[in-house]
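These are the residues of each chain, in order.
There are 2 protein chains.
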Amino acid sequence: MLTNPRSDRVKAVRALSRRSARSRTGLFLAEGPQAVREAVRCRPELVRDVFVTAEAAARHRPIVEVAAAAGLAVSEVTPEVLAAMCDTESPQGLAAVCRPVDVPLQRAVAALPPAGLVCVLTHVRDPGNAGTVIRGADAAGADLVVVSDASVDVHSPKVVRSTAGSLFHVPVVVGVPVAAILAALRDAGVALLAADGAGPTLLPEVDLRRAHAWVMGNEAWGLLPEVRDACDEVVRVPIYGRAESLNLAMAATLCLYASAEARRST
Amino acid sequence: MLTNPRSDRVKAVRALSRRSARSRTGLFLAEGPQAVREAVRCRPELVRDVFVTAEAAARHRPIVEVAAAAGLAVSEVTPEVLAAMCDTESPQGLAAVCRPVDVPLQRAVAALPPAGLVCVLTHVRDPGNAGTVIRGADAAGADLVVVSDASVDVHSPKVVRSTAGSLFHVPVVVGVPVAAILAALRDAGVALLAADGAGPTLLPEVDLRRAHAWVMGNEAWGLLPEVRDACDEVVRVPIYGRAESLNLAMAATLCLYASAEARRST
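Chains as they are written, first to last, in this note's numbering: chain A, 1 to 266; chain B, 1 to 266.
Chain A extracted, bound-state conformation (with noise of 0.2 Å):
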């Protein structure tokens, strides 16, 4: 068992949540029960540790029984020890050290199906938007989140905990620049939306049964001009009252949903 808080062990887990630390040891952590399930239950060969309070252990049994079968290092810790490792408040009790859940881009492409969905986040830098956007995607079902370069790293304990555990559920690629991104999409023949508040073409008025990505911009500037010009088409999401506009993750969530809904009806 895990007693002292200033350990090394303990110390190394709690540098995981700055960038610099992350991009060294080529490690992340999950904190809290629903993304350490989430992580055992669906990328087990990613996870490295558990860690676990003894109150967390009783509580989230089924958590520990999947994590001990897939024959991953469950080590129990103190509430304090818990504590100084993560980044959250109130990590509940169980953190999971992980090797990052990214996919090569080449090879994310060659996998999508069909009428494959995607949905690209380009200069995304609020960590809570780019969180929820993944969580959206996945909930729409989508096939694959590649988020461009010049963005919030997805590994950072803010976006790992706003995608609710998403993050191990769908193919993410991060790291590439966003026009080898449009031109791998672009020559796999997906058609590039560019979700923008000033588009011409209206989301119910989009053809959505093809494979298509939805292009999203930075939640303050949205897209760069060089990106939305790239695209196929420039979508907005329709606005009904007085709002000027809706956030990047509000967006999104519309945008996938419109495109699960039309790969459900096809």
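It is possible that some hints are incorrect.
[Unchecked claim] Derived CB-CB ranges, DEER-like: (1) B:A110 / A:R43: 51 to 61 Å; (2) A:A115 / B:S265: 43 to 53 Å; (3) A:E89 / B:W221: 28 to 38 Å; (4) B:A54 / A:V103: 45 to 55 Å.
[Said to hold, decoys possible] Quick list of in silico lysine to any residue cross-link-like pairs, SDA-like style, CA-CA up to 25 Å: (5) A:K158 / B:A73; (6) B:K11 / B:A73; (7) A:K158 / B:K11; (8) A:K158 / B:N218; (9) A:K158 / B:R125; (10) A:K11 / A:A54; (11) A:K11 / A:T78; (12) B:K158 / B:R236; (13) B:K158 / B:D143; (14) A:K158 / B:D126; (15) A:K158 / A:S17; (16) B:K158 / A:E89; (17) A:K158 / B:P127; (18) B:K158 / B:P113; (19) B:K158 / A:T78; (20) B:K158 / A:R125; (21) B:K158 / A:R41.
Rather than coming from a laboratory, the hints here were simulated on the basis of the structure.
Ideal Cβ placement from N, Cα and C applies to all residues, glycine included.
Fit chain B to the known structure of chain A by using the hints.
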């Protein structure tokens, strides 16, 4: 020009970030160009004081002109004074002290159009979620937002900020117990649709062309059983992938947009 960040007047404005001061004074603070612009443009009768830095007055001249034309008191302040007044880290040079936006329940319900669209938030505690739902309701063209008594204060700085100006667009009712809200809507012939991830009816199957209210629960634990039972239908947003659920703001936006599209196609 106000230059002393430690003056009583500045402290009195700053105090409005606390609920107790808002209750005592019957005032709240709208921070930043977007909120102040929508306040002076859409609800000038609620605005008591506008504070602006010299730089912001130059950059956002139309806002200051609209305020002046409405006969509002506009005071120039130093950046230090504005920072001392505001909860936001970067209020961007503008803030306005306003009277509460909320309207009485009975009057708001009586003013609903024949196929009115209402969003009811019950026991919502997270300011970001509450504000985002109000913004989504505005975007979807909802006629009314009702926030139950055991919820976050819609006049708190974080809620005001996340509404992105929509707080000044949509009629909002606050402070009424859930049972009284549902009774008033039911008496007015408004169908009550509980949004619940475990609901038996799927969103695309609901009749959204009648007057109806989306009843949303707490962001963590959802709707109280007695609230769900008091509704006419319990509706779930379909999950097409492996996500366990959507967050409150996403679910509400999808429900409200489904309503908006049904109303548009009538």
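So, going through the hints one by one against the coordinates:
Checked against the given bound of 51 to 61 Å, the beta carbons of A110 (chain B) and R43 (chain A), roughly 54 Å apart, stay inside it. Checked against the given bound of 43 to 53 Å, the beta carbons of A115 (chain A) and S265 (chain B), roughly 25 Å apart, lie outside it. In this structure the hint that E89 (chain A) and W221 (chain B) lie 28 to 38 Å apart at CB is violated, the actual value being about 18 Å. Distance hint check for A54 (chain B) and V103 (chain A): the Cβ-Cβ separation is about 52 Å, which falls inside the suggested range of 45 to 55 Å.
For the hint linking K158 (chain A) to A73 (chain B), the alpha-carbon distance of about 41 Å lies beyond 25 Å, and the restraint is violated. With a C-alpha separation of about 18 Å, the suggested pairing of K11 (chain B) with A73 (chain B) holds against the 25 Å cut-off. With a CA separation close to 33 Å, the supplied pair K158 (chain A) and K11 (chain B) exceeds the 25 Å bound. Using a Cα cut-off of 25 Å, the hinted pair K158 (chain A) and N218 (chain B) holds, with the two alpha carbons roughly 21 Å apart.
Between K158 (chain A) and R125 (chain B) the CA atoms are separated by roughly 19 Å; this keeps the pair inside 25 Å, and the hint holds. About 21 Å separates the Cα atoms of K11 (chain A) and A54 (chain A), which keeps this hinted pair within 25 Å; it holds. Among the hinted pairs, K11 (chain A) with T78 (chain A) is consistent with the structure: their alpha-carbon atoms are about 15 Å apart, no more than 25 Å. Of the supplied pair hints, the one linking K158 (chain B) and R236 (chain B) is violated, its CA atoms being roughly 28 Å apart against a limit of 25 Å.
Among the hinted pairs, K158 (chain B) with D143 (chain B) is consistent with the structure: their alpha-carbon atoms are about 23 Å apart, no more than 25 Å. A threshold of 25 Å between alpha carbons decides the hint, and for K158 (chain A) with D126 (chain B) the separation of about 16 Å falls inside it, so the pair holds. Distance hint between K158 (chain A) and S17 (chain A) is fulfilled; the C-alpha atoms sit about 9 Å from each other, no more than 25 Å. At roughly 20 Å between alpha-carbon atoms, K158 (chain B) and E89 (chain A) fall within 25 Å of each other, so this suggested pair holds.
At most 25 Å may separate the alpha-carbon atoms for a hinted pair to count; K158 (chain A) and P127 (chain B) meet this at roughly 17 Å. Annotation: proposed proximity of K158 (chain B) to P113 (chain B) is violated, straight-line Cα distance about 30 Å (limit 25 Å). Using a Cα cut-off of 25 Å, the hinted pair K158 (chain B) and T78 (chain A) is violated, with the two alpha carbons roughly 35 Å apart. Under the criterion of a C-alpha separation no larger than 25 Å, the hint pairing K158 (chain B) with R125 (chain A) is consistent with the structure, at around 19 Å.
Between K158 (chain B) and R41 (chain A), the direct Cα distance comes to roughly 36 Å. Violation of the 25 Å bound is thereby established for this hinted pair.
When the structure is compared with the earlier hints, violations turn up for hints 2, 3, 5, 7, 12, 18, 19 and 21 and for no others.
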